[in-house]
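The primary structure of each chain is shown beneath.
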Amino acid sequence: MPLLTIKDLRKSFTAPDGGRVELLRVNAFALDAGAQCALRGESGSGKTTFLHLIAGILQADSGSIQLGGTELTGLSEARRDRLRAESIGYIFQSFNLLQGFTCLENVLLGMSFGPGTDRAAARTLLERVGLGHRLDYYPRQLSIGQQQRVAVARALASRPRLVLADEPTGNLDARHADEALALIRAACQEAGAALLLVSHDARTLAAFEDVRDFAALNHPADPEVRV
Amino acid sequence: MTWPLLVRKSLRQHALSTAVTAASIALASGLWLAVWVLQEQSQRAFTSVDSGFDAVLGARGSKLQLVLNAVFHLEASPGNVAWADYLEIKTNPAVALAVPLAVGDNYRGHRIVGTVPEMFTGVELSPGRKFEIEPDGRCFESGFREALVGSFVARQLNLKPGDQFRPQHGLEAGDQHEHEETYVVTGVLKPSNTPADRVIWIPLEGLQNMAGHDPDAATDVSAVLVALRSPTAGFALDRHYNKDGARLTFAWPVGKTVAQLFDKVGWFAQVLRLTAALVALVALAAVLASIYNSMHARRRDIAILRALGARRATVFGAVVAEAGVITALGVVAGLAVYAIIISVAAAMIRERTGVVLEPFAFSAVFLWAPPLMIFFGALAGLAPAFKAYRTDVAANLAPES
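Which chain is which? The protein sequence lines are A and B, in order.
Just so you know, the first sequence maps onto residues 3 to 229 in the numbering used here.
Just so you know, the second sequence maps onto residues 22 to 422 in the numbering used here.
There may be inaccurate statements among the hints.
[Stated by the list, open to error] Cut-off 25 Å, straight-line C-alpha distance, at most; resulting in silico cross-link-like pairs (SDA-like, lysine to any residue):
hint, chain 1, residue 1, chain 2, residue 2
1, B, K30, A, R121
2, B, K30, A, Q101
3, B, K30, A, S145
4, B, K30, A, Q143
5, B, K285, B, S83
6, A, K9, A, A37
7, A, K9, A, A30
8, B, K181, B, T203
9, B, K408, A, G102
10, B, K408, A, A30
11, B, K408, B, P25
12, B, K30, A, R84
13, B, K30, A, D138
14, B, K30, A, L144
15, B, K408, B, V303
16, B, K408, A, R81
17, B, K285, B, W57
18, B, K111, B, V303
19, B, K30, A, A30
20, B, K30, A, P141
21, B, K30, A, R125
22, B, K30, A, Q148
23, A, K9, A, Q68
24, B, K151, B, S69
25, B, K277, B, V303
26, B, K30, A, F15
27, B, K408, A, F15
28, B, K111, B, W57
29, B, K264, B, A105
30, B, K211, B, R373
31, B, K277, B, K30
32, B, K30, A, T119
33, A, K9, A, A218
34, B, K408, A, E79
35, B, K30, A, T126
36, B, K181, B, L146
Treat the hints as calculated values from the structure; they're not laboratory data.
Please construct the entire structure, taking both the sequences and the accompanying hints into account.
Written as structure tokens, this is what we have:
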């Protein structure tokens with residue numbers, strides 16, 4: 003039973019000249035609950051837009067996104083926010099930690115809009131990613147690798163059913179990238195969350211059994227053809 | 022916990038602008054409260070001063086000038102009252118006590134007022150409260166060159182029983198002629214918190230007969246302070262002196278007469294309040310500007326919060342709450358600013374008029390002004406909050422792949 007089912011998804015943007023340009027057209031995509039899948043794609047190919055649509059950050063022009071039986075495209079923005087807070091964890095390439103908040107507070111924020119804050123659970127998560135001794139540190143006081151581990155803990159803080167990872171190793175060197183990737187995969191597996199990771203890095207993609215080519219999924223209209 | 026955490030963190034991250042903005046709110050709210058309370062307190066204090074008298078009889082002229090001169094020892098006397106007029110009102114059955122005053126001299130800028138010892142023995146400033154003299158002194162005796170010194174003057178000039186001084190002609194300090202007569206201080210009044218504290222009191226005839234004064238006016242007095250047997254007695258005397266007569270003025274009741282002063286300067290109080298309100302407006306604009314200007318730098322943080330599931334309403338509310346909290350911090354600090362302004366102003370008013378304000382007495386303005394400021398502060402947060410509300414999440418989560 004797929005956790006995520008996408009059909010005939012369309013997204014276009016307003017071009018500088020005022021016309022509409024289609025960036026995304028995905029006819030079908032599915033991801034099972036607890037599965038781990040990597041999407042291969044070049045920079046600028048629309049992978050981030052795809053993840054933003056799944057997360058409900060962007061609203062699709064048309065099509066269907068079903069997450070655990072809930073149709074996202076028909077939801078109001080507030081309902082999409084709530085669904086994201088409760089069911090989706092997001093890991094960014096640039097970590098996107100809030101610099102004014104400690105590690106613990108960043109993880110607590112990951113919970114606060116969804117299931118509600120649980121300091122003990124937040125501590126446990128940070129201990130799980132090896133940062134139990136850095137709870138009160140600010141992101142600037144951590145190494146790059148440690149910051150990504152905080153981001154992983156935050157993404158799992160709301161006990162999501164789906165974790166979206168957007169080039170999560172893009173800012174890391176090879177050693178830290180391997181460690182971060184292993185951590186993300188293991189943590190998602192332990193939490194029972196499905197993982198959808200997008201990357202253009204062959205080393206990262208090689209770690210996955212299920213790797214799909216985003217270019218094969220996405221067939222936007224010819225840029226010359228205005229929609 | 023989200024809103025308090027977001028607000029606390031934001032205030033900390035923008036500590037300098039928070040402090041500067043809160044300081045401007047503190048100045049504005051302190052000024053506003055001070056202007057309001059000063060106006061309220063001074064009006065109440067002046068109109069209900071415990072002089073112990075209900076009315077003042079004086080030369081034909083302004084009632085206000087008469088009261089300011091005889092009760093508050095301000096302004097010049099509008100003229101003289103003949104001794105016969107003093108005797109007439111003194112023996113009026115409706116009058117409980119009539120105390121004559123004579124003015125015209127000073128000592129180092131402090132007024133010398135001639136009167137009778139009954140001023141300090143027969144007058145009840147308020148029920149059960151009379152003038153008291155410090156233990157080592159006594160009141161002057163009529164016919165002697167003796168002086169009873171008000172507490173404020175004694176403190177200012179360091180006068181004590183046994184000290185001597187020579188009065189100077191005129192109401193104000195200056196190069197005026199110094200009289201030949203030498204007076205001995207016989208006592209110092211305990212602080213009465215009335216204008217009497219600012220006066221040097223001597224026997225009436227001492228001032229009337231001071232060398233250099235007009236011998237033809239030697240029996241005249243400057244004014245007569247009048248205590249009535251019943252409040253309604255004032256109506257008959259008012260008609261007798263003010264409507265039927267044309268030589269004298271009967272200023273009654275004292276409080277109502279002083280209230281005229283505040284009616285006359287009411288426009289000034291309005292200007293002060295308007296100024297305070299404008300300062301508050303500028304401070305609130307500072308709240309708006311400081312948060313609004315920081316929104317550009319906060320776009321990424323807002324986008325991250327939204328990506329974590331925060332609703333537009335949540336970030337909107339957090340910004341409004343932040344503006345309210347900054348204003349609240351300023352209002353709390355404003356109480357200290359208020360305390361400083363009101364203390365200095367109260368001390369100045371006491372020094373110049375003898376009227377004592379109660380700067381820390383309760384006023385209704387403390388109930389409505391701080392919440393109103395905080396409300397408007399939060400309102401000033403609406404514009405930046407709307408900017409936060411409209412933040413484009415996807416665009417501010419860059420880089421894209």
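Quiz item: Taken at face value, is the distance from the CA of V303/B to the CA of K408/B at most 25 Å?
Solution: Holds: K408/B and V303/B sit about 21 Å apart, inside 25 Å.
Self-check item: Holds or violated: K9/A to A37/A, with C-alpha atoms at most 25 Å apart
Solution: Answer holds: K9/A to A37/A is near 19 Å, not above 25 Å.
Quiz item: Taking 25 Å as the top limit, are the C-alpha atoms of K408/B and E79/A close enough?
Solution: holds (17 Å)
Quiz item: Does K264/B pair with A105/B here, judged by a C-alpha cut-off of 25 Å?
Solution: holds (20 Å)
Quiz item: Can the restraint linking K181/B and T203/B be considered satisfied, given a maximum Cα separation of 25 Å?
Solution: Roughly 15 Å separates the two Cα atoms, so the pair holds.
Quiz item: If you draw a straight line from the CA of K408/B to the CA of P25/B, is it 25 Å or shorter?
Solution: holds (20 Å)
Exercise. With a cut-off of 25 Å on the C-alpha distance, tell me whether K30/B and L144/A pass.
Key: holds (19 Å)
Practice problem: Mind checking the alpha carbons of K30/B and T119/A for me, to see if they're no more than 25 Å apart? | Solution: Status holds; Cα separation ~17 Å.
Quiz item: Does the structure keep K30/B and R121/A at a Cα separation of 25 Å or less?
Solution: holds (18 Å)
Quiz item: Is K9/A within 25 Å of Q68/A, Cα to Cα?
Solution: holds (9 Å)
Self-check item: Hint consistency between K211/B and R373/B [alpha-carbon to alpha-carbon, up to 25 Å]
Solution: Given that 25 Å is the threshold and the Cα spacing comes to 18 Å, the pair holds.
Self-check item: Hinted pair K30/B and Q143/A, Cα distance within 25 Å
Solution: holds (17 Å)
In summary, the numbered hints that this structure violates are 10, 18, 19, 25, 26, 28 and 31.
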